[in-house]
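Heads up: the protein sequence lines correspond to chains A and B, in order. First residue of the first sequence? That's 0 in numbering that gives the first Met the number 0, and the numbers climb one at a time after it. First residue of the second sequence? That's 0 in numbering that gives the first Met the number 0, and the numbers climb one at a time after it.
Errors might be hidden in some of the hints.
27 Å max Cα-Cα, derived BS3-like pairs, lysine-lysine [unchecked claim]:
{"id": "1", "chain 1": "A", "residue 1": "Lys112", "chain 2": "B", "residue 2": "Lys17"}
{"id": "2", "chain 1": "A", "residue 1": "Lys144", "chain 2": "B", "residue 2": "Lys17"}
{"id": "3", "chain 1": "B", "residue 1": "Lys131", "chain 2": "A", "residue 2": "Lys147"}
{"id": "4", "chain 1": "A", "residue 1": "Lys147", "chain 2": "B", "residue 2": "Lys154"}
{"id": "5", "chain 1": "A", "residue 1": "Lys144", "chain 2": "B", "residue 2": "Lys140"}
{"id": "6", "chain 1": "A", "residue 1": "Lys39", "chain 2": "B", "residue 2": "Lys154"}
{"id": "7", "chain 1": "A", "residue 1": "Lys39", "chain 2": "B", "residue 2": "Lys149"}
{"id": "8", "chain 1": "B", "residue 1": "Lys17", "chain 2": "A", "residue 2": "Lys55"}
{"id": "9", "chain 1": "B", "residue 1": "Lys13", "chain 2": "A", "residue 2": "Lys56"}
{"id": "10", "chain 1": "B", "residue 1": "Lys82", "chain 2": "B", "residue 2": "Lys103"}
{"id": "11", "chain 1": "B", "residue 1": "Lys13", "chain 2": "B", "residue 2": "Lys154"}
{"id": "12", "chain 1": "A", "residue 1": "Lys99", "chain 2": "B", "residue 2": "Lys154"}
{"id": "13", "chain 1": "A", "residue 1": "Lys40", "chain 2": "A", "residue 2": "Lys56"}
{"id": "14", "chain 1": "A", "residue 1": "Lys144", "chain 2": "B", "residue 2": "Lys103"}
{"id": "15", "chain 1": "A", "residue 1": "Lys144", "chain 2": "B", "residue 2": "Lys82"}
{"id": "16", "chain 1": "A", "residue 1": "Lys40", "chain 2": "B", "residue 2": "Lys149"}
{"id": "17", "chain 1": "A", "residue 1": "Lys112", "chain 2": "B", "residue 2": "Lys103"}
Because the hints were derived from the structure by calculation, they are not lab data.
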Amino acid sequence: MRMKLTINRILEGEDEVILRYREMTNEVERILRALRADEKKLIGRQEKEQVILDPKKVLYLESVDQWTFAYTENGVYRIEYTLAEAEAVFAAEGFFRCSKSMVLNIWKVASLKSMSCNRIDARMENGEHVIISRTYAAEFRRILKGGKLDE
Amino acid sequence: MSKKKTGPLSGWHKYLTKEIGIEFKACLYFYCILFFYSIYRIIGGTWDASILHMAEMIFTTYAMGYLQVYLFSNFDEAEHLGKREIGYSIVCSVIYTAISILGKWFERDALVSGYYFFYMVFCYICAFWVYKVKRDIDTRKLNEDLEAFKERGRKHESCD
Numbered sequence: 000m001r002m003k004l005t006i007n008r009i010l011e012g013e014d015e016v017i018l019r020y021r022e023m024t025n026e027v028e029r030i031l032r033a034l035r036a037d038e039k040k041l042i043g044r045q046e047k048e049q050v051i052l053d054p055k056k057v058l059y060l061e062s063v064d065q066w067t068f069a070y071t072e073n074g075v076y077r078i079e080y081t082l083a084e085a086e087a088v089f090a091a092e093g094f095f096r097c098s099k100s101m102v103l104n105i106w107k108v109a110s111l112k113s114m115s116c117n118r119i120d121a122r123m124e125n126g127e128h129v130i131i132s133r134t135y136a137a138e139f140r141r142i143l144k145g146g147k148l149d150e
Numbered sequence: 000m001s002k003k004k005t006g007p008l009s010g011w012h013k014y015l016t017k018e019i020g021i022e023f024k025a026c027l028y029f030y031c032i033l034f035f036y037s038i039y040r041i042i043g044g045t046w047d048a049s050i051l052h053m054a055e056m057i058f059t060t061y062a063m064g065y066l067q068v069y070l071f072s073n074f075d076e077a078e079h080l081g082k083r084e085i086g087y088s089i090v091c092s093v094i095y096t097a098i099s100i101l102g103k104w105f106e107r108d109a110l111v112s113g114y115y116f117f118y119m120v121f122c123y124i125c126a127f128w129v130y131k132v133k134r135d136i137d138t139r140k141l142n143e144d145l146e147a148f149k150e151r152g153r154k155h156e157s158c159d
């Protein structure tokens with residue numbers, strides 16, 4: 000089935016994509032998936048190179064000075080989000096604020112270790128250790144026990 | 000309907016957590032001292048305990064709790080028992096022994112005070128070991144919860 004494509008350039012207002020369909024066909028579903036998938040990507044910069052990062056592959060985010068960096072197994076990328084924004088946007092993907100300067104991806108935690116003063120040591124899949132401070136540890140335990148991440 | 004409290008701990012909650020930790024420590028060490036004191040009294044043929052001594056013990060353990068948490072890096076809850084932790088245990092035991100001599104808890108008997116000093120060092124080592132075991136159990140529970148979390152996520156994904 001051929002689909003009519005209309006593209007309008009607007010001078011005012013927000014950018015918008017409207018998808019009009021009569022039946023939810025495979026093709027419509029594919030377009031919808033592609034649109035939704037784009038919402039959940041991180042744009043990372045490494046020197047002059049720009050790459051699209053899959054949030055599922057991000058181990059953790061760290062804020063250094065005024066910049067936010069995403070750490071994957073392959074490298075470190077500077078991203079445009081602040082930690083608070085990233086935590087809000089990717090909460091459903093397992094992103095959790097674990098200290099003032101870090102957000103970790105719970106899916107990428109290999110193991111946990113209880114530490115003194117109610118802190119938790121999270122060993123990530125690449126072997127690095129991220130500390131969940133006692134300020135956030137209770138919330139982390141709640142999430143592990145089935146609480147929602149974006150509550 | 001009341002809203003469920005979630006999110007990071009506020010300053011008040013952090014303070015309260017620390018305070019409860021100190022209270023707990025005070026109870027733990029008071030119990031240890033009281034045990035030694037009771038045995039000493041029983042061996043001496045006395046079947047009652049001085050309320051004044053017990054009040055002094057409570058105030059001492061409470062003050063020592065603050066000292067341990069704020070000045071001595073909460074050493075009995077440390078990850079490893081190193082030279083620093085043993086040093087702090089000895090310093091605290093010396094303070095406890097000095098107060099016991101001042102308060103005449105053991106009638107200023109040098110031999111009993113000596114035993115009491117070593118007993119307090121032993122109590123600190125036991126407390127360190129108990130906290131360590133507690134953390135090991137918690138670690139096991141945390142990893143079980145992590146696995147359950149991942150399992151729930153995998154099931155959720157396969158349903159989608």
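Results for each hint:
1. Between lysine 112(A) and lysine 17(B) the CA atoms are separated by roughly 21 Å; this keeps the pair inside 27 Å, and the hint holds.
2. Distance restraint check for lysine 144(A) and lysine 17(B): the Cα-Cα separation of roughly 24 Å lies within the 27 Å cut-off, and the hinted pair is therefore satisfied.
3. Proximity of lysine 131(B) to lysine 147(A) is assessed by CA-CA distance (about 30 Å); at most 27 Å being required, the pair is judged violated.
4. As the CA atoms of lysine 147(A) and lysine 154(B) are separated by approximately 15 Å, the hinted pair is consistent with the 27 Å bound.
5. At most 27 Å may separate the alpha-carbon atoms for a hinted pair to count; lysine 144(A) and lysine 140(B) meet this at roughly 10 Å.
6. A threshold of 27 Å between alpha carbons decides the hint, and for lysine 39(A) with lysine 154(B) the separation of about 21 Å falls inside it, so the pair holds.
7. Restraint check for lysine 39(A) and lysine 149(B): satisfied, since their Cα atoms lie roughly 20 Å apart, inside the 27 Å limit.
8. For the given pair, lysine 17(B) sits about 36 Å from lysine 55(A) by alpha-carbon distance, which is inconsistent with the 27 Å threshold.
9. Using a Cα cut-off of 27 Å, the hinted pair lysine 13(B) and lysine 56(A) is violated, with the two alpha carbons roughly 33 Å apart.
10. Using a Cα cut-off of 27 Å, the hinted pair lysine 82(B) and lysine 103(B) is violated, with the two alpha carbons roughly 31 Å apart.
11. A C-alpha spacing of about 36 Å is found between lysine 13(B) and lysine 154(B), which places the hinted pair above 27 Å, so the restraint is violated.
12. A threshold of 27 Å between alpha carbons decides the hint, and for lysine 99(A) with lysine 154(B) the separation of about 32 Å lies outside it, so the pair is violated.
13. The straight-line distance between the Cα atoms of lysine 40(A) and lysine 56(A) is roughly 11 Å, inside the 27 Å bound, and the hint therefore holds.
14. Taking the CA atoms of lysine 144(A) and lysine 103(B), the gap is about 51 Å. The hint is violated against a cut of 27 Å.
15. Our distance criterion of 27 Å between C-alpha atoms is broken by lysine 144(A) and lysine 82(B), whose separation comes to about 38 Å.
16. As the CA atoms of lysine 40(A) and lysine 149(B) are separated by approximately 21 Å, the hinted pair is consistent with the 27 Å bound.
17. Between lysine 112(A) and lysine 103(B) the CA atoms are separated by roughly 44 Å; this puts the pair beyond 27 Å, and the hint is violated.
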